[in-house]
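Once you've looked at the hints, dock chain P against the given chain E.
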Amino acid sequence: MTEETTAAADPAVSATSGDPIIRMRDITVRFQNQTVLHRVNLEIRRGETLAIIGESGCGKTVLMKTMIGLLRPNSGTVLFDDQNLGTISQADLAKTRRRIGFVFQNAALFDSLNIFDNVAFPILQHEAAEEAEITARVREGLAEVGLPPEAAEKYPAELSGGMRKRVGLARALILRPDLIIYDEPTTGLDPIMSDVINELILATRRNHPVTSVVVTHDMRTARKVANRVVMLYPHRRLKPGQSQVLFDGPPSGLDHADDRRVRQFVRGEAGERIDELTRHAAAIASTAAAAEIEPEPNRSRDSHG
Amino acid sequence: MAGTTFRDDLPDVSERPGRLSHWVSDWGTVVIDAVSMVGDIAIFVYRMFAWMFTRRPARGTILRNCYQVGVLSLPVVALTGTFIGMVLAVQSHRQFQMIGLENRLGAVINSSLVRELGPVLAATMLAGRVGSAIAAVLGTMRVTEQIEALTVMGADPIHYLVVPRFLACILLIPALTIMADFMGIVGGYFYSVVVLGIDHAAYLQNSADHVTGFDLFSGLLKSVFFGGIIAIVSCYRGFHCEPGAEGVGQAATAAFVMSFVLILGVDLILNILLDAFYYNIWAPGQAV
Chain E
12 MTEETTAAAD PAVSATSGDP IIRMRDITVR FQNQTVLHRV NLEIRRGETL
62 AIIGESGCGK TVLMKTMIGL LRPNSGTVLF DDQNLGTISQ ADLAKTRRRI
112 GFVFQNAALF DSLNIFDNVA FPILQHEAAE EAEITARVRE GLAEVGLPPE
162 AAEKYPAELS GGMRKRVGLA RALILRPDLI IYDEPTTGLD PIMSDVINEL
212 ILATRRNHPV TSVVVTHDMR TARKVANRVV MLYPHRRLKP GQSQVLFDGP
262 PSGLDHADDR RVRQFVRGEA GERIDELTRH AAAIASTAAA AEIEPEPNRS
312 RDSHG
Chain P
826 MAGTTFRDDL PDVSERPGRL SHWVSDWGTV VIDAVSMVGD IAIFVYRMFA
876 WMFTRRPARG TILRNCYQVG VLSLPVVALT GTFIGMVLAV QSHRQFQMIG
926 LENRLGAVIN SSLVRELGPV LAATMLAGRV GSAIAAVLGT MRVTEQIEAL
976 TVMGADPIHY LVVPRFLACI LLIPALTIMA DFMGIVGGYF YSVVVLGIDH
1026 AAYLQNSADH VTGFDLFSGL LKSVFFGGII AIVSCYRGFH CEPGAEGVGQ
1076 AATAAFVMSF VLILGVDLIL NILLDAFYYN IWAPGQAV
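As given, the protein sequences belong to chains E and P, one line each in that order. Note that our numbering has the first sequence beginning at 12, numbered continuously upward. Note that our numbering has the second sequence beginning at 826, numbered continuously upward.
One chain only, chain E, in its complex shape (with noise of 0.2 Å):
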């Protein structure tokens, strides 16, 4: 049996500088009446592994979008390296994310350009390279996933899910960010394959002087490749006054964590939600019924996770 890698165990990994890359400060977002996100305030430093967890719809997608100017919020401040991204031109904007990778939940390639295409769109975008030297990077940038030369003609529709991740983390490290962004990396993969993509994460980070942030509610990624762990949690559950942020740590720290809501997050335990569910849905029947109306669907969409 192999001794299993994690980022707290690995010197390179959990080496980081302290400075922070980013300072979120009284972070609020509403889409419409609902608010995701309430005066949430976090530092990423630069060097570290950050793993944001929590259950869907705690605003973890959304905070990660607002981190890195895709979403305005509607109070508070970003800044990036002190760039104050509410503030800086759409044109200093689109400098300032060439220094951010983005790994997109479903990879995000671009159906009508093949492989080498996807991977070579960040270079094209921002640098005047030679085609010789485009070519050696994109096969570069490939052979770091683990993919093949012979890849590069396929398009993203001949691609496993997995492959598609590996692509899109590929394009991602294209032209070496000094941020990377994995919106929740091992979501639909197999067991196997989430542990590959781990595992280059952790490699990633150790080949190159990056920092990054993983959003996800694997418990089993956020363990493996984080040195702080950050939770979240859905701002409608909580009572005035408390912070949207329940745990902020070492990955270690998880399990004995003072909140009994961290805990039962990281074992996967339902506890109470089962009656809230059972509360709720008898309530909505019993508000039907005292109407004499037939009860509507539930059409409310998870879409904040």
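Hints are not guaranteed to be accurate.
What the hints assert, rightly or not - Just a sample of chain P residues kept apart from chain E, beta carbon distances all over 12 Å, derived:
id, residue
1, R844
2, S917
3, H1065
4, G1090
5, N1105
As the list claims (entries may be wrong) - Quick partial rundown of chain E residues pointing at chain P, CB under 7 Å, derived from the structure:
id, residue
6, R108
7, F113
8, F115
9, F121
10, P133
Derived from the structure by calculation, the hints contain no laboratory data. All figures in this text were calculated on a predicted structure; none of them were measured in a lab. Using N, Cα and C, we set each Cβ at its ideal position, and we do this for glycine too.
Same frame as chain E, but now just chain P:
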């Protein structure tokens, strides 16, 4: 409701204000949504023009879209153009024969085609074939986060996705219109002269006498507006696609319906303006 008391001897009016307020609220929402959409489209168009005049899109993206819009639409536009020319001959022949003017058939068929049917037909085909496809492709890109991926990589989605499609539509729709006109003329000629036996020389002479350069110009000018409408509406619908397969389907359908309605509305306005221009500036002597 807290603080409200009800008396049994009074008629129950509690439902009425509720219904009225719902009615007002529903219509208010419709109006706000419509105004918001017009504003959204205006900003969308502004951003598109801003990108178009500040940074040239990649050559590859324009050529790829020109191929989709122009080359692949050519057969269907040619085929429908031929049929519409023949249909016009069938429809008009009996009436013209009754008043002994069947030799003038060429004039009515060809001027209808060049001024109105050619541009509208080409635009309808383009809206159905290309507009729906644009909305579906961009909608799928929205749903699968490909549009966000562009933004993350520092590429502006409007510059990369909308500008090439807009240019392809406005540059190639005149060519498609000429093809629809030409095939319609051929179809009309074939049915009138070969099938109905109308005199070949008279048919051509009447056509030449009544179809003017202004007719051709106005048809082609209108087609450019139609092409712009198709590109803008389809791209906008794709960019604002709702999640899921149903959302993509709705975006494609809405793109066609909205384009078609706008094409006919703008066609009316342009016809009024072009008529005024023709009789007041181009050929003032012909004013009625």
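Each hint, compared with the structure:
1. R844: It holds; R844 of chain P is separated from chain E by about 15 Å at its closest Cβ, greater than 12 Å.
2. S917: Holds, since 45 Å exceeds 12 Å.
3. H1065: holds (15 Å)
4. G1090: holds (32 Å)
5. N1105: N1105 of chain P clear of chain E: closest Cβ-Cβ about 45 Å, beyond 12 Å.
6. R108: Hint on R108 of chain E: holds, closest Cβ of chain P at ~5 Å, below 7 Å.
7. F113: holds (4 Å)
8. F115: At 5 Å from the nearest chain P Cβ, F115 of chain E passes the 7 Å test, so the hint holds.
9. F121: holds (6 Å)
10. P133: holds (5 Å)
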